[in-house]
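Novice: Chains A and B are the protein sequences, given in the same order. Per the working numbering, the first sequence starts with residue 1, numbered consecutively. Per the working numbering, the second sequence starts with residue 1, numbered consecutively.
What the hints contain is simulated information worked out from the structure, not anything from laboratory work. Careful, some of the hints might be misleading.
[As the list claims (entries may be wrong)] Think about it this way: if two alpha-carbon atoms lie no more than 35 Å apart in a straight line, the pair counts; the simulated DSBU-like pairs of lysine-lysine are: (1) B/Lys48 / A/Lys130; (2) B/Lys86 / A/Lys631; (3) A/Lys680 / B/Lys206; (4) A/Lys697 / A/Lys718; (5) B/Lys206 / A/Lys568; (6) A/Lys130 / B/Lys230; (7) A/Lys680 / B/Lys125; (8) B/Lys107 / A/Lys631; (9) A/Lys569 / B/Lys263; (10) A/Lys130 / B/Lys202; (11) A/Lys718 / B/Lys244; (12) B/Lys230 / A/Lys79; (13) A/Lys130 / B/Lys189; (14) A/Lys631 / B/Lys189; (15) A/Lys177 / B/Lys182.
Since the structure is predicted, the reported quantities are computational estimates derived from the model, not experimental observations.
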Amino acid sequence: MNQHSDSETVNPIVLFSINHPRVITLLMTFITAVIISLAVLPNFFPQELNFLHTIKVDTDPENMLSADNPARVYNTQMKKEFSLSDIVVVGISNEDNVNGVFNPKTLANIHALTQFSMSLSWPDEHDATKTAGVIAVDILSPSTVDNMEQGGLGTVNFSWLMPEAPTTDEEALLIKKRALNIPFLKGTLISEDGGALALYLPITDKHLSYQVREALLTKIAEFGDTEENYYITGLPVAEDTFGVEMFKQMAMSAPSAMLVIFLLLWWFFKKLIFVTSPMIVAMVCALSTMGILVITGNTIHIMSSMIPIFIMPIAILDAVHILSDFFDRYNTIQDKRKTIIHVMNELFTPMLITTLTTIAGFASLVLTPIPPVQTFGIFIAIGVFLAWIWSITFIPAFIIGIPDEKLAAFIRSRADKKEENAHANKTFMARLLIKLGRFTYHQPMVILLITFSLIGVAGYGISKININDNPIKWFNEEHAIRVADRVLNEHFGGTYMAYLALEEKATENTTAQNFKPTLLQRLTAAEETAIQAGYDTHNAFNLLATLIKDSKLDKNSLELQLIDLINKKLDTASDEEYDGWDQALLFIDSEQQRREIFKQPEALHYLANLQAYINNIEVVGKSNSLSDVVKTVHRELLLGKQEEYRIPDSSSAIAQTLITFQNSHRPHDLWHFVTPDYRKTSLWIQMQSGDNQDMEKMETLIADYIQQHPMPYNLQAKWFGLTHINVVWQDKMVMGMFESFAGSFVIVLIMMALMFRSFSWGLLSMIPLTVTVGLIYGVIGLIGKDYDMPTAVLSSLSIGLAVDYAIHFLSRAREYTATYGSWEKAIEPLFSEPAMAIARNAIVVGVGFTPLLAAPLVPYQTVGIFIASILFMAGISSLLILPAFITLMQGVFFKQPNNA
Amino acid sequence: MNFKHLLLAASIGLASSLALATPSVDDIIHTANYKTYYKGQDGKAKVKMTITDAQNRTRTREFTILRKDMPTSDEIANHAYQGEQKMYVYFNRPADVNKMVFLVLKKLEADDDRWLYLPALDLVKRIAATDQRTSFVGSDYLYEDVSGRNLSADTHTLIGEDDNYYILENTPVDAASVEFSKYVMYIHKTSFLPIQTEYFDKKGVKYKSYTALAVETIQGHETITKALAKNLSTGSSTLMEYSKVQYDVGLPDEIFTERFLRKAPRKYLR
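In isolation and in its complexed conformation, chain B is listed as follows (with noise of 0.2 Å):
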């Protein structure tokens, strides 16, 4: 399978024979929260996302993700990473889409805050985040999957490990506001980030995926640069490609607020 051979390049350099002692639970879900949503002070990707139904027709869009962390700390061990993180996603293609703007402020205890920006109404929308768990732009990605998910939001359970990977299993705090059971998430022993995600819904049965499927080293951080979701229950899949990745590139906090969503930081978009 094409995932193994980029594990296998994932893993050249990573001393993976070293037997290291199993970390705990909290370590091992922080650490992956990090190196998937925090890595550098702010972060810069162009994406081209393709979707294909199950009768193999696809679309693309393609859109510029601006993030920045708001602590300055990269500790995981006392959580201090964690904290406020915006959000900014440009869209460039299609071409009736092009400068539509989502802007997010994700915040550890409360409810996000989200804006729209529709170009083509001349309308600037709040949205509601009441619930993450919405699709994101049409895609199998959701919302709370391009921001991250509450860790809090779920119980983590060692199930097992292999030579490669920490299998963790996730229940959901409260079962009724999402529509899974569980998510079983296998977590590279080394890189630590999320190779393959997968959830189940409330009979048991595996509904979606998310697999990494290439890995690259930017700037001294690991990082995905390939990935698929699949919806099982649509026939649905969604590629995710980035390209130009960067980090601690700079951003200024003003790009991050409702100004710029009419006219775009258009320096920091190329």
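Excised from the complex, chain A in its bound form (with noise of 0.2 Å):
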């Protein structure tokens, strides 16, 4: 088959590739092709193509944690068990005003925004028979809320807060009046200090929020020039909105990325045909890994957004060492072929062996239980693969395809210059790299001891790591959504919600047996009470009692029974004895709402004292409960006077208290606090930040104070809402992160101890990486970054980039002392051509990644920097400590010369 005689052998694979250029070629534009195509022709035609999948993006934090969490599971069943929805927040303040926006202009505008709010509603696309939108019921607004006041000569009222817009700036204060007099509304509808609204839109779909807010805003801009501002947000807002951003940062953080390697390539190598190929390649590996995401199905989110910016300089990193190293063979091989062979033969192993150890550190993400982690470990194994296929076949193949003149013109224009300048001239990166050699053997000792003081302050930082995130603190400081949130939470108790439910414990039949004799002390107290109200008893409550002494039935089914029995005799009864029947069933009926809790006065007193407590951690701005409901009314109910605002004490004062709760133009209101049968709930705790550490902290306090006060009713609380899911998934995040580094970090180790054949050698070759993660992480440690999701899975990149140098620099080093002699006299040689194609690299992708820095959304830029700060230092740690040591310890390292 090969009709080229060939002084060496080489890999089939790249044989095939040199001899067939333009079948591989072909190859790889029609597998690309046709990924690109399977994954972008469904989005335009989603009809006729329904079978494949289209492009989902997913902004939803909740996605953080796979469908099956409990955490999530739980979350999702409380929401609908209390109707929560997710919530588009619009504050509104007026600095400008002394009545803040209590005043008629500013309501008027407050009004129509509110009654055009209730207007954003629109049938369901997936389901007609549904709506979608604003839920027009549950919003809160001074214009949709209830205020309830003395009415004078004893009369209670109930009315709108704001029916219509006031004309007067009297009435715009006594809305204020009332709304501050409010406990559920203040801090929340109403700011503390009584200047700023804020509107609490409800929508069927977090992912109606996008559309919602620019309804909103058009519609504020109708007004024209506003006195007052108007700021939106909650979490849905931001969600949607990081999607919206997360697109506009694919398209062009990504790209702008590639220019800049791109001038930088083009700069080092002089030849813009050399430099395309490079970026061929990268743009092949992250076009189809993102296609086959979507073909499979897989979500954009804000891990898998993050692939094309990790494949590229892995991709390119392959390229370069091929292109440098056939740049520098070429000048004494003289033939394109012959060094293309020499050089892929030269680099084959090395490249296979970084190709594995970086799939190993991302495939190694798949241990983390955070499925969007896991995705993006995944696809970014399969990106380094194609990166690895076509850098070994294409780019030869390329390199092939350039005409020799070509060619020869240029090698000749590079020779003439070198020649010029002699050789004392070289370029001034190559002269610093061979003093940079030439110290690294006479100053090891001086290397290893900046080397270890480093390792020793990193180690201070990284204990000093402040784990937390913050979805909010995705988005750059002067970003509308962080503007809004700032300003929110300056004004109101806080925009971020986090829940507590308490319900029974599941334990099996707490009552057992020994119910009988309080339930009989109960019957015969209720009888006296009906005796007392001239009811005829007698019969109905003797035969109670012999039924209850003689069942063997637990209490609910033994109820059940009666009121069964008690049902029948009604039927039949006459009118003396109808009554003492009434009475009797009555009676079974009050014992069946003792299951009751939140309606039993001990409950909401344990609800409020836990809520005074709450109120006084730190973040905490305010918090909603049952209590405050019943409290409410019951001051209201009694005069208004401030004495009064207190939980009754009978269940059945507080029964009373929220039958006339309901009697409003919003009872259901009540069912975001309790269920309907009175056995669960929510406890809403406002808060003025949203760090997951703050939320951890307040979470323990909560546990602790739980823990002292033992609550009644055998109760049990739970933690829901969004602010509690992200503690959860951070939680597993840094176990995770932290198992997954190990596991991979030990299997690299093992790949390397095989492939040097050597467990010293392969020891060596993780010093760089171990350094490189250790400095990393000690500078956020130092600098108070906090280490969050996107810092988090920098150390798999690490893994992946900083073995890499090492295996280039280590594998040469041993094949250079093999062939000098020495390893002094390989010291000029090594840090000539393979310390050039490392330095190349780290600046090449180090500066390629810059222009993330610009990016809007802050993981972005955090990966940015990092991913050029890994580069620099894994470069750096190779070139001075790999060489340092082997200089130290040349016994250890050479004592089989031959082995190399």
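Got two chains here, separate frames each, mind docking them using the hints?
Specialist: Structural data, given as structure tokens:
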């Protein structure tokens, strides 16, 4: 088959590529085109291609946990049981008016905006019988909430807080006064200082928030130049906006990184034709990987959107090694085919190994229990594999395709230049590297001392690491979302909601058999009351007492049996007996109602005390619960006196207070706090910070409180809401990342030991990686940057990149030591071509990622800075620490010089 | 549909084949008003109310309604049947609201007087009745649904009729005072009972419906004994089942006073 007579044998894949460069090019073009079409076309022809997946964007932080995660399942269930929706918050402040927003003009706008928002619903796309959009009945706005106040002469008045916009300042201030008097509204609807208002617009689906926000902004623009300012926020808005920004990011940041890398490569290699091939490989890999991601039905998430940015440097890395080596060899070999074969022979194994280690580093992310991180890891591994395949096939094929005369002309121009300058005038970098090489040989102790002291500092830094995340902080400080967040949290109790659900612990048969004595006692008491009221209870209550004493059933079954019996008696009873049986039924009904825990004063007092404790926690702005509802209504029923702001003494009084509350325009509001069976309650906590560590701190404090103050009725407290979900996945992430890093570290170490057939060389090759990771996280700890999701995944990238340099450097070190006879003699050649490749690599790829610093999303900025740092650090540590160690321990590393 | 059968039952004995000339709108609404709220000189019913929310969770309330009309005339043509009306609503269940009472003095020209008695707090409270369109004890019925909306509050138009119904569209005179833009009533041609009423919001979307599910003839009066209110925006619905309906009981005036709030007229509540 092979018409060429090659002096060296080379891997058959490489050989095929050299012999059939066009086949390789066509194959790569074809495969990539197919992948891209499969991913892109369904978006334009969703009907015709409904068997394929469309591009789906996922910005829901809940998806950091798998769908069956218990915390998430519980959250979904509780949100349903308490009818809690995702909320768009519109904050309105007026700094120019002494009365804040409480002036006729501003309130007229707010009223109009509320009316407008109520109309923001439309038939559901997926289910025509349902409506989607703003849930009008649950809107919190001065125009839609009830006011309850004294109406004079012992009258209590229920009315809308602001049925119409007021016409005078006095009326406007009256609305403010009323709103401030209702604890549920103070700090939620109206700011504590009475200057600002917030509208809460619940929406049927959080993915509508961007649409709702845009509509609101249009309406607000219609108001013209207003005194007041409008701020739109809320987690769903943040998430949706993040999705939009994410796309901008992928469209802007990745290509601009590409451009910078391209320019740098051009500057290094001078000839455009050389530079195009790594760019093509990087592009092909990034596009194919994202294509496969879409085809396989995965979503574009904050994590997966970063895949192209991670793949590009890795893809370019291999290509740059080949080009760099080819460049320096072509001069001496003078034949492109021979040069390629030589270069590929020399690089094939290290490239394969670096690819495998990188894959190991990313694939290990599968060990983390966070689905988006798993997807991220798997697809980068796929991308890295593609990068390897196309680097060892397409790059040689491409070089073979360059006409000889072009190559010759190019090389000649360089050679001429070299001769002109003689070799004292090598490029600045080349000279620097040679000096560096000598330095490592003569001053290894200095290098190691500096290294160890840096590691010490890094260790201190790592101990200072602050584990924290907050999806709102994924936006830039100046971003509208961050500004709105800041303003609203200054004025109100807080825009971050945490929910604590209280319900009975699921234990088997709690009351057992000993319920009878107390039940009989209560029966006697009930009979006495009935007799006093003039009822003839004798027959009914006697029968009841006998049946209770004889029964072998549990309390609930017994009650149901008695209800059945009494109803039969009622059907046939005479008028005189009827009342007696009715009283008996009333008694059983009241017994059944004892199961309604959150009508019991003891339970509500516990809730109120817990709230008093919670409200004093630093990050908590305020809390709302059933106890506040009861207290407020009780106060207004009793002439609005402040001392009546309390929980009444009996469960009946609580029940009657609550039924009074439900005589309002919004009876369903109650079910946000308690389930209709009164066996579960939700306590709302408004926090001024969405930082995970603040939430975690609060959870710990409250757990301690509950520990010290045991809950009545065998109750238990469980968290739900997004702020809690964030804490759950963060905990998983920290441990998960550590395990995944440890796992891949061990795997890579084994691979290294096998490749070098020496444990000590294997260990040595892990040093740049260890130092890099240590320093990176040390710096993160020292500068006080939070250890969040984007910083956590960087450890995997370090494994991928840092080992790479070490492998290339060490394999050449062994080869050259064997060739030149000693380590000392190998230093200079080692610091010529191989060191040059590493330095070029680090600079090209590192600088290439600086455009990410201009990104409006913080995770991308973080990744940009740290990729650059990892590359520089890995490059420097490979070139300094590795030779220093070898120099000091030549005895260990070269005891069998023939082994190389 | 269930409600069709009931209609059929309701029309039994009624000469529906008679081709009557369409009465005037005024006649229709006043006849319907009379038949719904003013039958007999007084009336009494036990009501079981079942509220079912969007998640199918139910709550029940049981109460007895006593009603007495002040005008003694039953004449519809000159609207003489209309006038002051008194209502006493006594709660039996759930046990924790037992003995709770609502007392309403309904006036034609002025705001109603309303009292609430909460036995557990031993509290009689007057309630300012400026807004009638609030929930009745947390159900999907409003106060106004229970006591009857003043006919002069809306303008009424006959928008169509079929074999069984006069279809009336009612638009509020003071649109700002209510949350609906209109409601459409299907008034049965022979019984003049509103069998179906549908409310539309300001955008013109239907958000609430009331449907009569059963009609019985009691003491010669056709009476709705089962009705369902559906709130389409919350997904909640309320079923009202009437039993022991009685007309012309002979309720004394005095029981409709504050004094009887604390001491229920037990005799009339069985």
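Novice: None of the hints should be skipped; say for each whether it holds.
Specialist: Verification of the supplied hints:
For the suggested pair B/Lys48 and A/Lys130, the alpha carbons sit about 30 Å apart, so the restraint of at most 35 Å is met. Between the alpha carbons of B/Lys86 and A/Lys631 the distance comes to roughly 32 Å, so the proposed pair stays at or under 35 Å and holds. Pair hint A/Lys680 plus B/Lys206 holds up; C-alpha atoms about 33 Å apart against a cutoff of 35 Å. Note on A/Lys697 and A/Lys718: the hinted pairing holds, with a Cα-Cα distance of about 15 Å set against a maximum of 35 Å.
At roughly 42 Å between alpha-carbon atoms, B/Lys206 and A/Lys568 are farther apart than 35 Å, so this suggested pair is violated. At roughly 15 Å between alpha-carbon atoms, A/Lys130 and B/Lys230 fall within 35 Å of each other, so this suggested pair holds. Proposed proximity of A/Lys680 and B/Lys125 is supported: the alpha carbons are some 30 Å apart, at most 35 Å. Restraint check: the Cα-Cα separation between B/Lys107 and A/Lys631 comes to about 33 Å, which is no more than 35 Å; the hinted pair holds.
Among the hinted pairs, A/Lys569 with B/Lys263 is consistent with the structure: their alpha-carbon atoms are about 26 Å apart, no more than 35 Å. With a C-alpha separation of about 18 Å, the suggested pairing of A/Lys130 with B/Lys202 holds against the 35 Å cut-off. As the CA atoms of A/Lys718 and B/Lys244 are separated by approximately 47 Å, the hinted pair breaks the 35 Å bound. Between B/Lys230 and A/Lys79 the alpha-carbon distance is near 23 Å, which keeps this suggested pair within the 35 Å criterion.
Distance restraint check for A/Lys130 and B/Lys189: the Cα-Cα separation of roughly 33 Å lies within the 35 Å cut-off, and the hinted pair is therefore satisfied. This hinted pair does not check out: A/Lys631 and B/Lys189 have alpha carbons roughly 50 Å apart, beyond 35 Å. Taking the CA atoms of A/Lys177 and B/Lys182, the gap is about 34 Å. The hint holds against a cut of 35 Å.
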